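Chains as they are written, first to last, in numbering that gives the first Met the number 0: chain A, 0 to 436; chain B, 0 to 301.
Just so you know, the hints here were simulated from the structure itself, not pulled from any lab data.
Be aware that one or more of the hints could be misleading.
[To be verified] Cut-off 27 Å, straight-line C-alpha distance, at most; resulting in silico cross-link-like pairs (DSSO-like, lysine-lysine):
1) B:K50 - A:K8
2) A:K422 - B:K146
3) A:K8 - B:K125
4) B:K125 - A:K12
5) B:K120 - A:K12
6) A:K18 - B:K125
7) B:K203 - A:K431
8) B:K60 - B:K177
9) A:K422 - B:K50
10) B:K86 - A:K330
11) B:K205 - A:K8
12) B:K86 - A:K8
13) B:K88 - B:K125
14) B:K88 - A:K8
15) B:K206 - B:K193
16) B:K50 - A:K431
17) B:K14 - A:K435
18) B:K124 - A:K8
19) A:K18 - B:K124
20) A:K12 - B:K86
21) B:K60 - A:K330
22) A:K425 - B:K14
23) A:K12 - B:K88
24) A:K12 - B:K90
25) B:K86 - A:K18
26) B:K27 - A:K8
27) B:K124 - A:K425
28) B:K120 - A:K8
29) B:K85 - A:K18
30) B:K86 - A:K435
31) A:K207 - A:K289
32) B:K90 - A:K18
33) B:K85 - A:K12
34) B:K50 - A:K435
35) B:K88 - A:K18
36) A:K435 - B:K60
37) B:K27 - B:K205
Keep in mind the model is a prediction, meaning the values are calculated, not measured.
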Amino acid sequence: MNKIFIIAKREYKAAVRTKAFLVSLILLPIFMGGGLLVFSIMKDNVDIDNKKIVVLDYSKTLGEHLLLTAENWNKSEIYNDKGEQIAPMYFIEIIQPDTVNPFQQKLELSDKIRKKEIYGFVQIGANVLHPIPGDEQSRILYFSENSAIDEVRGWISGTINNKIREIRITELGLAQEKIKDLFSWVNAEGMGLLSVDSKTGQVIDAKKTNEMQTIFVPYVLLLLMFMMIMMSAVPLLNAVMEEKSERVAEVLLGSVTPWQFMMGKVMGSLGVSLTTSAIYITGIIFTLGKMNMTDIVPFDVLPWFFIYMFLNIIMVGSIMAALGATCNDSKDAQAIQFPAMLPIILPLFFMMPVIINPLGKLATGLSLFPLWTPMIMLLRQSTSVTIPAWQPIVGLVGVILFTILSVWAGARIFRSTIILQGKRPKLGTLIKYLIKG
Amino acid sequence: MNVIELNQITKTFEKNTAVDHLDLQVPKGSIYGFIGPNGSGKTTTIRMIMKIYYPDSGDIKLFNDGQSVNLQDRIGYLPEERGLYKKMKVKELVTFYGELKQVQNPGREADYWLEKFDLTKSANKKVEALSKGMSQKLQFIITIINKPELIILDEPFSGLDPVNAEIIKEVILDLRAKGSTIVFSTHDMGVAEKMCDFIFMIYKGKKVLDGTLESIQKLYGQDTIRIQTEGGMSVLENIQGIERINDFGQMQEIKMNSGADSQKILTEILAKTKVSRFEITAPSLHDIFVRIARPEKTEEHE
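Could you build the full structure based on these sequences and the hints that come with them?
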C-alpha cells in the first residue's frame, strides 16, 4: 500500500473521529447561513415605537398634508389582520417657523430630540413645490439622531412628494382620474437567456432571474470553498508544528521520506474536505429539492467546484505544511498564521464586485491569478453570466502549474526544516533551502 | 559486505561544521557503537545515513547490493528524541508503523511484539495513558517491527530501567543473531564495551576512534593500573610516575606517565599501605573517552 495513502488514512481517521469534526460539521452551515438568517429575521423586525415629529412648514401647505396623512396612517397601517402592531404611529406637530432666529429654534428642537421628547423634526422649504436650483427654501431637511438611515425619512419624503405631484397636476388643470397611471412605474424584469434542449431540440424559454440565483448561489459556493480551505488546509500549519515539537516527525521519518510525510498529511486533509463538502452539497441539494428549488443548483459548476477544491487543498496544504515545519512552537505558528492566511482571505473582499460584473477586467484578472482562481473563477462561473470558455481552462492550467510549484517548494522547505530546532529560519534561509533543496 | 559506507561526508549548519570529512564502513551483521560527547556530530551522522539530512559533500552508500528501492523498509530507526501519536491506541499505532514498513501482516506482527514486550494488556489503551517505560518499549517495537536488515538506534537505553534495558538488549542481540546489522549511539561506555564489535568515536565532527575495543586499547598500550588499597586515594599522592588518578571510591584507576615503571609505583604504595588488588591493564573505553574529550581539551578547542 502506498505510504502516502497510509499516512493520509491515519490523518483522515484522526480528523473525522473527533468530536471537534462533528461540531464543526454542524457549526459551519450555521456560520454560513447565519448572515442570511439574521438578515431575514431583521428584515421583518421593523421599529414599531411611536414617533413624534415636529414640522417647521415654510410652505404653509405641505405640513398640514403630513399631519392628515399621519392620522390616516395611524388608523389604517399600524396593525395587521391578527391585530399585531407592524408599523410605528406618527404624531405630527406643526409649529410656526422662527424667521428671526431660526438657528435658536432648531437648536432647541435638537435638544428635545436628545432628551427623547420628540423623535425628529422636518423643515419644509417655502419653494419646494417649484424648486429653484441652489435655493435654500427649495429643500426638505429632516433632523434626527439617525437621519441617514432611519425609515422615517423615507416616509416623510414619500408623503410630501406625493402631495407635491398632486398639487402640480391640479395646477396643470388635469382631472385626477385621468392621470391615475401617470406615475405608475413599470419595472424591467430580469430574465435569463433562451436555450435549446439538447435532447428534443426545442427552444427553452428564458426563466426569470432573481437575487437568490444571482447572489446566493455564488456566495454559498465561494464560502464553502473558503471554509474547506480553512477547515482542512490551514490547520496543517499547526498540525505539522505539533508533530515536529512533539518529536513524532523524526520517528515517522524513519519509515517514510519527508515528501511522503508531507503529502500524506495533505491528502488526509483533502479527504476530510471532500467528505465535508460532499455532505454539505448533498444536504443543500436535498433541502432545495424539498423546497422545489433545485433549478437554482448550478449542476454544471459543481464538477468545477470539486476540481478546484482538490487542487486548492493540495496547493495551500503544501504551503501550510511547509510553514508548519519551519515553526518550533505555537508562538512561532501564531506569528506566521495570519500572514499565511491573508492570501486566502483576500478573495472574499472581491466577492461583490465580481458578482456584479463577472465579465469585467477586475473579475477576469483576479480569476486568472492561480492562487485565487479556485475561488474567483468559481464565483464567476456560478453567476448567471456566461464567461468565455477559454478562461476556466486557462485558469485551471495555471492552478495545476501553481500547485506543482507549491508542492515542489513546500517539499523542499519541509525536508530542510522538519527536524531543525532552534530559531525559526528567516526568509533568506528559506529561499536558500528552496534553491539548495 | 558493508551495510553502511560513508566517504568523506561533511555537513555544515550556518557556520558550524557538525560533521567533517567523515569516513566509516559498517560490516554486515556487526554491532557498531557510536560514542562521542554531546554535540560531537553523532545524531547528524545518523540523520544523514537515514537521508533526513543530505551531506554538503561526500557520499553515503547503504547495503551496497544495488537494491536502492525502499531503503527505509530495510532500516529500523529509533531517533534520540522520539514522540508518538498520543491519541492513537497502542495496537493501532504499532499496526500503522507496520503498514508503513510494508510488514506482510501488521496486525499479527503487532500482537507478537506487544506480547514479547509485555504490552498486550495495554493494546487498546491510548498511547498517552502509558508510563514512560512502556512508551519507550513501544517506540522500540515500532522501530524493529519489520525485523529490518539495518537497525539504527540513537541512545536506545537512555532513561530505561535495568529490567527494560535488559529486554531491549536481548532483542537487539537476537536480531543480530538473525542477521541484522546494529548501529547505536550511547553515552554508556560499559554497554559499548560489552555489546559492540566495533566502536566509533566522533569528536567535534571528526572521527577520532574506529575499530574493535581491543585495537583501540592497543593504541594506548598497558598504561593503566587498577588498584585497591586500605589507604585509598590519600596514599597515592606524591608518587612519582603517576600522571592522573581516576578515583572510583573503592578502587582507583591510575594513568602512568610515559616510560614510568609500574613495579616502582607498586613498591612506593606498599611502603605506605596494604594493597589488595594491583592490575596493569589497557585503559577502559571510559578512560579513553575522557582522555580525548576531557573538559580542558574542549575548552582549548573552543
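Verification of the hints:
1. B:K50 - A:K8: holds (25 Å)
2. A:K422 - B:K146: violated (37 Å)
3. A:K8 - B:K125: Holds - the C-alpha atoms of K125 (chain B) and K8 (chain A) are around 18 Å apart, at most 27 Å.
4. B:K125 - A:K12: holds (15 Å)
5. B:K120 - A:K12: Cα-Cα ~24 Å, so holds.
6. A:K18 - B:K125: Holds: K18 (chain A) and K125 (chain B) sit about 17 Å apart, inside 27 Å.
7. B:K203 - A:K431: holds (25 Å)
8. B:K60 - B:K177: Holds, because 23 Å separates the two Cα atoms, which is no more than 27 Å.
9. A:K422 - B:K50: With a Cα-Cα distance of about 23 Å, the restraint between K422 (chain A) and K50 (chain B) holds, given a limit of 27 Å.
10. B:K86 - A:K330: Holds, at about 23 Å.
11. B:K205 - A:K8: Judged against 27 Å, a Cα distance of about 43 Å means the pair is violated.
12. B:K86 - A:K8: holds (15 Å)
13. B:K88 - B:K125: holds (4 Å)
14. B:K88 - A:K8: holds (15 Å)
15. B:K206 - B:K193: holds (21 Å)
16. B:K50 - A:K431: Holds. K50 (chain B) to K431 (chain A) sits at ~19 Å (cutoff 27 Å).
17. B:K14 - A:K435: This hinted pair holds, its Cα atoms lying about 16 Å apart.
18. B:K124 - A:K8: holds (20 Å)
19. A:K18 - B:K124: Satisfied, since the Cα-Cα distance of roughly 19 Å is no more than 27 Å.
20. A:K12 - B:K86: holds (11 Å)
21. B:K60 - A:K330: Not OK: K60 (chain B) and K330 (chain A) at ~40 Å, beyond 27 Å, violated.
22. A:K425 - B:K14: Given that 27 Å is the threshold and the Cα spacing comes to 16 Å, the pair holds.
23. A:K12 - B:K88: holds (13 Å)
24. A:K12 - B:K90: Between K12 (chain A) and K90 (chain B) the Cα gap is close to 15 Å, so the pair holds against 27 Å.
25. B:K86 - A:K18: Distance ~13 Å between K86 (chain B) and K18 (chain A) Cα, so the pair holds.
26. B:K27 - A:K8: violated (36 Å)
27. B:K124 - A:K425: The hint is violated at about 41 Å.
28. B:K120 - A:K8: holds (26 Å)
29. B:K85 - A:K18: Satisfied, since the Cα-Cα distance of roughly 16 Å is no more than 27 Å.
30. B:K86 - A:K435: Not OK: K86 (chain B) and K435 (chain A) at ~36 Å, beyond 27 Å, violated.
31. A:K207 - A:K289: Since the Cα atoms of K207 (chain A) and K289 (chain A) sit roughly 21 Å apart, the hinted pair holds (cutoff 27 Å).
32. B:K90 - A:K18: The given pair, whose Cα atoms are some 22 Å apart, holds under the 27 Å limit.
33. B:K85 - A:K12: holds (14 Å)
34. B:K50 - A:K435: Between K50 (chain B) and K435 (chain A) the Cα gap is close to 15 Å, so the pair holds against 27 Å.
35. B:K88 - A:K18: holds (17 Å)
36. A:K435 - B:K60: Holds - the C-alpha atoms of K60 (chain B) and K435 (chain A) are around 21 Å apart, at most 27 Å.
37. B:K27 - B:K205: holds (23 Å)
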